[in-house]
Amino acid sequence: MTTNLLIANFDLLAEAPNGVQRLRELILQLAVQGKLVPQDPNDEPASALLERSHSDKVKLIAEGEIPKGESLPLATPAKIAYELPTGWVWTKLDQVSNKIHYGYTASADPILRDVRLLRITDIQNGTVDWTSVPGCEISQEEYENYRLGKGDLLIARTGGTIGKSYLVKDLPVKAVFASYLIRVIPKRHFSPEYLKIFLESPLYWSQLYAKSMGTGQPNVSGTSLRSLLIPIPPADEQRRIVAKADELMIRCDELQKRQKEKEQVRVTLNDSALTHLVEARDPKEFATHWKRIKENFELLYDTPETVPKLRQTILQLAVQGKLVPQDPNDEPASTLLQRIRAEKEELIAKRKVWKAESLPAIKPDEIPYKLPRGWTWCRLGEIGNTRVGLTYSPKDVAKTGVPVLRANNIRNGKIDLGGVVRVNMEIDDNLAIKVGDILICTRSGSRALVGKAASVISLPERMTFGAFMAIFRSVCNPFVEIFLRSPVFRKVLDEVGTTTINQITQSNLKGSLFPLPPLPEQHRIVARAKHVLGLCEDLEVKLAGAEKASEELMGAVVREVAGA
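Going by the working numbering, the letters in the sequence shown line up with residues 109 to 672, in that order.
Hints were generated in silico from the structure; no laboratory data involved.
Among the hints, erroneous ones may be present.
Unchecked claim - Computed cross-link-like contacts, EDC-like style, restricted to lysine to aspartate or glutamate with a CA-CA straight-line distance of at most 16 Å:
| hint | residue 1 | residue 2 |
| --- | --- | --- |
| 1 | Lys352 | Asp148 |
| 2 | Lys370 | Glu123 |
| 3 | Lys368 | Glu123 |
| 4 | Lys417 | Glu648 |
| 5 | Lys650 | Glu406 |
| 6 | Lys452 | Glu465 |
| 7 | Lys207 | Asp260 |
| 8 | Lys560 | Glu589 |
| 9 | Lys282 | Asp237 |
| 10 | Lys417 | Asp379 |
As the list claims (entries may be wrong) - The calculated label-pair distances, taken between Cβ atoms and stated as ranges, are:
| hint | residue 1 | residue 2 | range |
| --- | --- | --- | --- |
| 11 | Thr383 | Glu406 | 17 to 27 Å |
| 12 | Thr194 | Phe405 | 51 to 61 Å |
| 13 | Glu245 | Thr411 | 46 to 56 Å |
| 14 | Lys503 | Val375 | 45 to 55 Å |
| 15 | Ala216 | Lys370 | 35 to 45 Å |
| 16 | Lys272 | Lys370 | 26 to 36 Å |
Backbone N, C-alpha and C fix where the C-beta goes; we use that ideal spot for every residue, glycine too.
Based on the sequences and whatever the hints tell you, model everything.
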């Protein structure tokens with residue numbers, strides 16, 4: 109099997125997760141394995157190149173053009189990574205380079221323009237904007253030692269960019285290179301473009317990581333670079349490899365551009381379709397926009413990443429009263445609200461709950477959207493009771509005792525008892541969780557986690573909840589949970605958050621504006637939302653399965669073509 113398999117499946121493989129990047133890596137891997145282009149038995153073998161280049165280097169050393177340097181042992185069969193084609197040879201990077209050395213130490217000065225000082229930060233995405241590269245003070249003697257030339261290879265030797273390389277293809281200004289770069293000057297018999305392919309290949313990176321491990325700050329030395337194993341093809345094959353790699357990389361660029369354009373179109377269409385759905389003014393308009401989504405469903409939702417927006421739109425529609433039709437026979441929400449208030453007053457009179465502070469009246473400019481007939485706006489605190497959880501200290505934690513639910517016990521909208529903390533304390537009844545309660549994270553180091561909520565479906569034992577949590581309890585809890593997961597409540601959280609503490613206070617929670625539907629409609633909304641959100645989960649699983657199959661195809665091709 110040859111690279112024909114790769115070429116035949118090129119576009120298909122690009123569609124795999126991170127497919128274009130993996131194709132680039134595969135092209136580089138094949139290039140240094142001798143599998144990207146066919147060998148020509150008439151090519152002069154690489155061993156002859158090495159012999160000739162060695163003679164050239166000896167002459168340059170004798171003439172004082174380059175320093176002698178330390179000789180490194182040649183690559184031995186025990187150290188080679190894989191068998192090479194006929195005509196190729198394993199050697200060290202040192203053997204194909206006239207010089208490998210560190211850059212010039214100086215302060216960059218944007219005012220000086222005669223000699224530029226190229227730094228790691230000046231190299232972005234494999235290119236340099238020479239007009240923005242600062243200058244430096246340097247003597248003529250030092251300039252001669254550090255001056256850059258076409259065909260030079262520069263390698264970052266430290267920090268987050270360690271190992272990244274740059275090939276000097278054009279040099280419109282006089283320039284030297286800074287001390288955090290290492291320069292490799294290739295011998296004239298070896299293509300700088302081929303060496304650049306090696307410096308981007310998996311073979312190079314695996315060796316580099318091995319040599320830079322074990323230090324607090326990642327770092328690679330000139331000695332480490334000189335000892336890198338590199339597979340060298342005949343000179344003519346080097347040129348053919350570079351040409352083929354360039355051709356395939358251009359194709360990768362085109363595929364990547366096409367994918368980005370396709371993604372942008374999909375995002376625009378998706379956003380537009382969902383916005384029209386949310387902003388529909390009546391059931392007829394809603395039905396029209398929903399029909400359009402259904403007709404283009406496979407286009408709009410073809411990756412797992414597209415599903416969360418659909419999920420959020422469903423929750424938005426639920427709290428807007430657009431997910432199910434209204435029934436004029438339902439008892440209006442205003443009557444439900446009156447009944448809840450009366451029941452609260454009765455509980456206060458019986459001293460079963462404390463009387464809460466009065467909530468502010470709703471002002472017209474607070475109302476974010478118009479509700480359907482039969483619905484009413486209220487404060488969340490009007491329809492239920494909430495309180496924060498248990499404060500405890502490390503000495504209270506025990507292997508046995510009462511479980512304390514915390515933020516990490518809410519996962520994907522469900523209660524997860526894995527890793528639950530237990531305390532050896534007496535727990536008041538008002539801090540005991542009940543089935544049907546909604547558990548809410550009210551404070552967290554992560555702003556995104558504040559407000560995440562889940563209903564308590566079952567209780568295998570008596571439990572409580574932590575001080576950075578709250579419970580909410582009401583007859584409307586199933587619908588309240590939908591509200592707490594919706595973009596409407598997320599907007600509330602964004603508005604009440606502070607720059608120093610990620611939290612929502614009890615006052616903020618109780619005062620949140622809440623769209624209250626009739627109780628029978630709440631039940632219909634919850635049932636419908638549960639069904640549709642379940643379909644979203646199924647869709648994610650299906651799309652993830654398709655991605656996995658695509659990844660498996662990519663893996664099979666890599667193994668077949670590269671022998672990996």
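Now for the hints, and whether the structure bears them out:
{"no.": "1", "hint": "Lys352 with Asp148", "result": "15 Å, holds"}
{"no.": "2", "hint": "Lys370 with Glu123", "result": "12 Å, holds"}
{"no.": "3", "hint": "Lys368 with Glu123", "result": "12 Å, holds"}
{"no.": "4", "hint": "Lys417 with Glu648", "result": "12 Å, holds"}
{"no.": "5", "hint": "Lys650 with Glu406", "result": "12 Å, holds"}
{"no.": "6", "hint": "Lys452 with Glu465", "result": "13 Å, holds"}
{"no.": "7", "hint": "Lys207 with Asp260", "result": "10 Å, holds"}
{"no.": "8", "hint": "Lys560 with Glu589", "result": "10 Å, holds"}
{"no.": "9", "hint": "Lys282 with Asp237", "result": "14 Å, holds"}
{"no.": "10", "hint": "Lys417 with Asp379", "result": "8 Å, holds"}
{"no.": "11", "hint": "Thr383 with Glu406: 17 to 27 Å", "result": "20 Å, holds"}
{"no.": "12", "hint": "Thr194 with Phe405: 51 to 61 Å", "result": "55 Å, holds"}
{"no.": "13", "hint": "Glu245 with Thr411: 46 to 56 Å", "result": "53 Å, holds"}
{"no.": "14", "hint": "Lys503 with Val375: 45 to 55 Å", "result": "52 Å, holds"}
{"no.": "15", "hint": "Ala216 with Lys370: 35 to 45 Å", "result": "42 Å, holds"}
{"no.": "16", "hint": "Lys272 with Lys370: 26 to 36 Å", "result": "29 Å, holds"}
Every hint, counting from the list given before, is met by this structure.
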